[in-house]
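Novice: Here the protein sequences line up with chains E and Y, keeping their order. Under this note's numbering, think of the first position of the first sequence as 1, with each following residue one higher. Under this note's numbering, think of the first position of the second sequence as 1, with each following residue one higher.
Everything labelled a hint here was simulated from the structure, so no lab data went into it. No experiment lies behind these values; they were computed from the predicted model shown. By construction, the Cβ of each residue, glycine as well, lies at the ideal position given by its N, Cα and C atoms. There's no promise every hint is true.
Below, in silico cross-link-like pairs of lysine-lysine (DSBU-like), each with a Cα-Cα straight-line distance of 30 Å or less [stated by the list, open to error]:
(1) K140/E x K14/Y
(2) K222/Y x K246/E
(3) K14/Y x K141/E
(4) K427/Y x K393/Y
(5) K57/E x K17/E
(6) K122/Y x K222/Y
(7) K122/Y x K105/Y
(8) K618/Y x K366/Y
(9) K393/Y x K366/Y
(10) K17/E x K14/Y
(11) K427/Y x K293/Y
Partial selection, computed: residues in chain Y whose CB lies under 7 Å from chain E [as the list claims (entries may be wrong)]:
(12) G19
(13) M40
(14) A45
(15) A52
(16) R56
(17) R60
Reference excerpt, derived from the structure (chain E facing chain Y, CB under 8 Å, subset only) [unchecked claim]:
(18) Q261
(19) R315
(20) L319
Spelled out from the first residue to the last, the chains are:
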Amino acid sequence: MSYLEYNVKHVPSGPRKVLYLNWPLAILLASVAAIGFLMLYSVAGGSFSPWAEPQIKRFALGFALMLIVALVPIWFWRNMAVVGYGVSVALLIAVELFGAVGMGAQRWIDLGFMRLQPSELMKITLVMLLAAYYDWLPIKKTSRPFWVFLPVLFVLFPTFLVLRQPDLGTAILLMTGGGLVMFMAGVHWAYFAAVLAAAGGLVTAVFQSRGTSWQLLKDYQFRRIDTFLDPASDPLGAGYHITQSKIALGSGGWTGRGFMQGTQSRLNFLPEKHTDFIFTTLAEEFGFIGAFSLLTLYALIIAFCVASALQNRDRFASLLTLGIATTFFLFFAVNMSMVMGLAPVVGVPLPLVSYGGSAMLILMIGFGLVQSAHVHRPRGAI
Amino acid sequence: MRRPPKDTLESFRKISRRGLIVGGLQAGFVGLLGWRMRHMQVDQADQFRFLAEENRINIRLIPPARGEIFDRNGVAVAANEPAYRITMVREDAGDVDAVLAQLGKLVTLNPEEIERARTEMKRSAPFLPVTVADRVSWEDISRVAVNAPTLPGVTPEVGLSRSYPQGHDLAHVVGYVGPVSERDLSRYEDPPPLLRIPRFQIGKVGVETKLEETLRGTAGAKRVEVNAVGRVMRELDRREGIGGATVQLTVDSQLQNYIQARLGQESASVVVMDVQTGDILATASSPSYDPNKFVRGISVADYSLLRDNNHRPLASKTVQDAYPPGSTFKMVTALAALDAGVMTPDDTVWCPGYLEVSGRRFHCWKGAGHGHVNLEQSLRESCDVYYYDLALKVGIERVAAMARRLGLGEAHDIPMSAITSGLVPDKAWKQANRGAEWVVGDSANAAIGQGFVLTSPLQLAVMTARIATGHAVSPRLIKRIDGVEQPSRAGELLGLNENHLRQVRRAMFSVSNNRRGTAYSARIQAEDMRMAGKTGTSQVRNITAAERARGVTRNEDLPWERRDHGLFVNFAPFDAPRIAVATVVEHGGGSSAASPIARDVTLQALYGEDPPLDAYPKKDRSKIKALQERLARERPLNGASGQEEA
Numbered sequence: 001m002s003y004l005e006y007n008v009k010h011v012p013s014g015p016r017k018v019l020y021l022n023w024p025l026a027i028l029l030a031s032v033a034a035i036g037f038l039m040l041y042s043v044a045g046g047s048f049s050p051w052a053e054p055q056i057k058r059f060a061l062g063f064a065l066m067l068i069v070a071l072v073p074i075w076f077w078r079n080m081a082v083v084g085y086g087v088s089v090a091l092l093i094a095v096e097l098f099g100a101v102g103m104g105a106q107r108w109i110d111l112g113f114m115r116l117q118p119s120e121l122m123k124i125t126l127v128m129l130l131a132a133y134y135d136w137l138p139i140k141k142t143s144r145p146f147w148v149f150l151p152v153l154f155v156l157f158p159t160f161l162v163l164r165q166p167d168l169g170t171a172i173l174l175m176t177g178g179g180l181v182m183f184m185a186g187v188h189w190a191y192f193a194a195v196l197a198a199a200g201g202l203v204t205a206v207f208q209s210r211g212t213s214w215q216l217l218k219d220y221q222f223r224r225i226d227t228f229l230d231p232a233s234d235p236l237g238a239g240y241h242i243t244q245s246k247i248a249l250g251s252g253g254w255t256g257r258g259f260m261q262g263t264q265s266r267l268n269f270l271p272e273k274h275t276d277f278i279f280t281t282l283a284e285e286f287g288f289i290g291a292f293s294l295l296t297l298y299a300l301i302i303a304f305c306v307a308s309a310l311q312n313r314d315r316f317a318s319l320l321t322l323g324i325a326t327t328f329f330l331f332f333a334v335n336m337s338m339v340m341g342l343a344p345v346v347g348v349p350l351p352l353v354s355y356g357g358s359a360m361l362i363l364m365i366g367f368g369l370v371q372s373a374h375v376h377r378p379r380g381a382i
Numbered sequence: 001m002r003r004p005p006k007d008t009l010e011s012f013r014k015i016s017r018r019g020l021i022v023g024g025l026q027a028g029f030v031g032l033l034g035w036r037m038r039h040m041q042v043d044q045a046d047q048f049r050f051l052a053e054e055n056r057i058n059i060r061l062i063p064p065a066r067g068e069i070f071d072r073n074g075v076a077v078a079a080n081e082p083a084y085r086i087t088m089v090r091e092d093a094g095d096v097d098a099v100l101a102q103l104g105k106l107v108t109l110n111p112e113e114i115e116r117a118r119t120e121m122k123r124s125a126p127f128l129p130v131t132v133a134d135r136v137s138w139e140d141i142s143r144v145a146v147n148a149p150t151l152p153g154v155t156p157e158v159g160l161s162r163s164y165p166q167g168h169d170l171a172h173v174v175g176y177v178g179p180v181s182e183r184d185l186s187r188y189e190d191p192p193p194l195l196r197i198p199r200f201q202i203g204k205v206g207v208e209t210k211l212e213e214t215l216r217g218t219a220g221a222k223r224v225e226v227n228a229v230g231r232v233m234r235e236l237d238r239r240e241g242i243g244g245a246t247v248q249l250t251v252d253s254q255l256q257n258y259i260q261a262r263l264g265q266e267s268a269s270v271v272v273m274d275v276q277t278g279d280i281l282a283t284a285s286s287p288s289y290d291p292n293k294f295v296r297g298i299s300v301a302d303y304s305l306l307r308d309n310n311h312r313p314l315a316s317k318t319v320q321d322a323y324p325p326g327s328t329f330k331m332v333t334a335l336a337a338l339d340a341g342v343m344t345p346d347d348t349v350w351c352p353g354y355l356e357v358s359g360r361r362f363h364c365w366k367g368a369g370h371g372h373v374n375l376e377q378s379l380r381e382s383c384d385v386y387y388y389d390l391a392l393k394v395g396i397e398r399v400a401a402m403a404r405r406l407g408l409g410e411a412h413d414i415p416m417s418a419i420t421s422g423l424v425p426d427k428a429w430k431q432a433n434r435g436a437e438w439v440v441g442d443s444a445n446a447a448i449g450q451g452f453v454l455t456s457p458l459q460l461a462v463m464t465a466r467i468a469t470g471h472a473v474s475p476r477l478i479k480r481i482d483g484v485e486q487p488s489r490a491g492e493l494l495g496l497n498e499n500h501l502r503q504v505r506r507a508m509f510s511v512s513n514n515r516r517g518t519a520y521s522a523r524i525q526a527e528d529m530r531m532a533g534k535t536g537t538s539q540v541r542n543i544t545a546a547e548r549a550r551g552v553t554r555n556e557d558l559p560w561e562r563r564d565h566g567l568f569v570n571f572a573p574f575d576a577p578r579i580a581v582a583t584v585v586e587h588g589g590g591s592s593a594a595s596p597i598a599r600d601v602t603l604q605a606l607y608g609e610d611p612p613l614d615a616y617p618k619k620d621r622s623k624i625k626a627l628q629e630r631l632a633r634e635r636p637l638n639g640a641s642g643q644e645e646a
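My request is simple: use the sequences and hints to build the entire structure.
Specialist: What follows is the structure, given as structure tokens:
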């Protein structure tokens, strides 16, 4: 693993690298973040405090971090993959031992200037580790049971730690993200088929376990599933969030009720309107046009990442790019499904839009890696 | 070490293929999300918009002003006056205890009410106002308003409260309002939402409850925007309510006031009725109570005082109590017999002081007997034997029919509470209710208004008015609603022989104007005001043969509640009747307790003020003068009577 593995002849160097950044992607990210500022300004009742202003600062910091990460050669990041994963696991264990409890779950460590959620960090470092692993692994061994089992452990160990917090949303994201990276790395179809079958069995088991001594999910998680399946069953209790969210979203209509005119969010019918349910406010105030625009921006970000990955002949770089794009996709797909009543409420923020420090910074670092892969991609014939 | 190009290429192809598959799946999912968005935001938008509006818009009712009630001359009987109260909002107050302490320095707070307010504040949302002091005086309110800066969260509020300026005088007529109770709600199949407004008041007794729908008005509504916890954010629009209709009574509050004062502490009742229109000019029941106390929420002590008083101040005796009419019923028997043709006015009956009816001896009040008695003498001197004889001749069915024609045995339709229909007994009634055959003795008793017969003072007034006019006049209590004159109750001709009526009226005239009349002492001297009347005594006790033998105990020697009721009915002026009056003095000892009151009331009603002394016989004038002066002192001008209930 050295510098020499890369065909560096055409790789830009020095300040000129800035010109080779994936600028359309950066602009898309900034646009999405700007929508976030607008919505945070709106849900605060037309005020930059308490959410929009810190969010802008964080995005500025995030953007700077992205540039720094982007300018560091991708092979450095590949070499850092194991370290990053190790640090993330260590932090997750630290959280488990002496993390602060917030919203009924141990999720973050107070660093003084910000609250770090190791589970957020894990989303990126896991992808890095898997990409580095498949970069290292000779391609013939990719589908051999032992070499499949190993990355599965990489995925399941942090997933287990996250589940203990408990944070079902992140756990699902980690597992799905990790699985998709393995799939893209070329692991044989049959494994995935087997896992899907097993998952089917597990879901059955989970429902069977309800009310027994070996119950596999917490009661509130079961209730969320109930609520998801039939929000009307408990309109003032657990179903309240989903019902109010759907009302807000639906009442937006084509063009929305106008900036800062969303009654559902302004009158506090919406829960968590600055974090998990911020998309609902957007949909209410800017209607289908606004909501669909954001969805389009997200889709374009994914498309640019995929395009960048497909241009990249380096295995680590493409896998990393695809992995991060997939993680990003899972974020918004789960969040939007949740607020539209397509998925249970699992507490996944809307990437780059929801108020929150860790997620924003770590996603920007992730896109920094994507940019680095883009800048330092091998050029010319192989 | 450089990676073999083949490996790289193969891996690149695989990654590209799988990457495209995953990218494709993602694109598909994005499509699904977009489709779902379109479905919710375009296809179902109206439905969700409706739900959102339902969420945020609350309709709050605005209570309408209750219709006011006036007497026939436009004097206020039930009015709405501003009522001040002090409310407090927890979240604005901050330190509730400190603010309450500060407030306590300015106004007197009721510790009970404060305790209740504290609990309510803890229970309800922090932004909801809670009443800490109700019915605060204007001075206190101004003090609170001036000190507003030191009293965060405290607001003086003004509302409308019912007041009864006539106090005791019309309590039994107008009744009072009170907070809506579960029982009030249960009377409706679907209670109007208005009744759910906190502090809303509803009629409980009397005209207030009988004309509730008329007086209540129509609720206004305002649409307000509320947030998720119910805090009102702003008012969207408002439609004021329509106040209730103004009701004008036929009652003359000044006359009513006089009568209440005249009755004093007697347990008595008087109805004054206009014989032409049926208008009830006064319906007084004594003792009375102050309806204002009920509006404010009467204390348990005050209430038990009213409830346990043996003079029953809460009862509206003119309409809800039925007494044996005694001799005042004799006109009915006489008219029934005349109408049936079983006798003529000049036929005489021999009264030896009793009549033997199927082996039982029925006594005349005058043990020595009246000798030969014709119709006029029989009424004038109230001979009982004459009527025993008539009863046997005419039979109970025809007497009962005549009683009903004259308005007895019927619950007259006026908006007062608990109106009794009294009782006009006949054979079928006795069979149904007593399970026994009607016997002649029952007829004899009924003929003199004893036995089963029961009448209310209102019915007696109606009877008298019908005898005076020959018309089926019915009582009317409501003169106008929102200025619209209510239908007259003058009634059709009764179809009685005018000659018979004239004979009976003539005889009634002798009762109070013939030297031998039973009410001669209570006659009216003024030529054009003279009245025709009839005395009555209704027995509360049974007089046993043994008692009769040793001499009937005098009423004065009996405990109050065993004394006879005194009754008197009259109409006046005799030549051109204008009013009919029925007077009942419970346990007054006899008709002599009722007839002087009836005379004073009649003259007061006819003159519209204190009558000149020369309307009275000479020997009564000094006594009347003293009475007038005493009552003038007790009755402040045009106002609530000064008397407190017993």
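Novice: Are the hints correct? Go through all of them and say.
Specialist: Each hint tested on the structure:
1. K140/E x K14/Y: holds, 12 Å
2. K222/Y x K246/E: Since the Cα atoms of K222/Y and K246/E sit roughly 28 Å apart, the hinted pair holds (cutoff 30 Å).
3. K14/Y x K141/E: holds, 14 Å
4. K427/Y x K393/Y: holds, 16 Å
5. K57/E x K17/E: holds, 25 Å
6. K122/Y x K222/Y: holds, 27 Å
7. K122/Y x K105/Y: holds, 23 Å
8. K618/Y x K366/Y: holds, 29 Å
9. K393/Y x K366/Y: holds, 22 Å
10. K17/E x K14/Y: Distance of about 29 Å is within 30 Å: holds.
11. K427/Y x K293/Y: violated, 47 Å
12. G19: holds, 5 Å
13. M40: Since chain E brings a Cβ to about 4 Å from M40/Y, closer than 7 Å, the hint holds.
14. A45: holds, 4 Å
15. A52: holds, 4 Å
16. R56: With a minimum Cβ separation of about 5 Å from chain E (threshold 7 Å), the hint on R56/Y holds.
17. R60: violated, 16 Å
18. Q261: Constraint on Q261/E not satisfied, violated at 11 Å.
19. R315: OK, holds: R315/E within 8 Å of chain Y, min 5 Å.
20. L319: Since the shortest Cβ distance to chain Y is 6 Å, the answer is holds.
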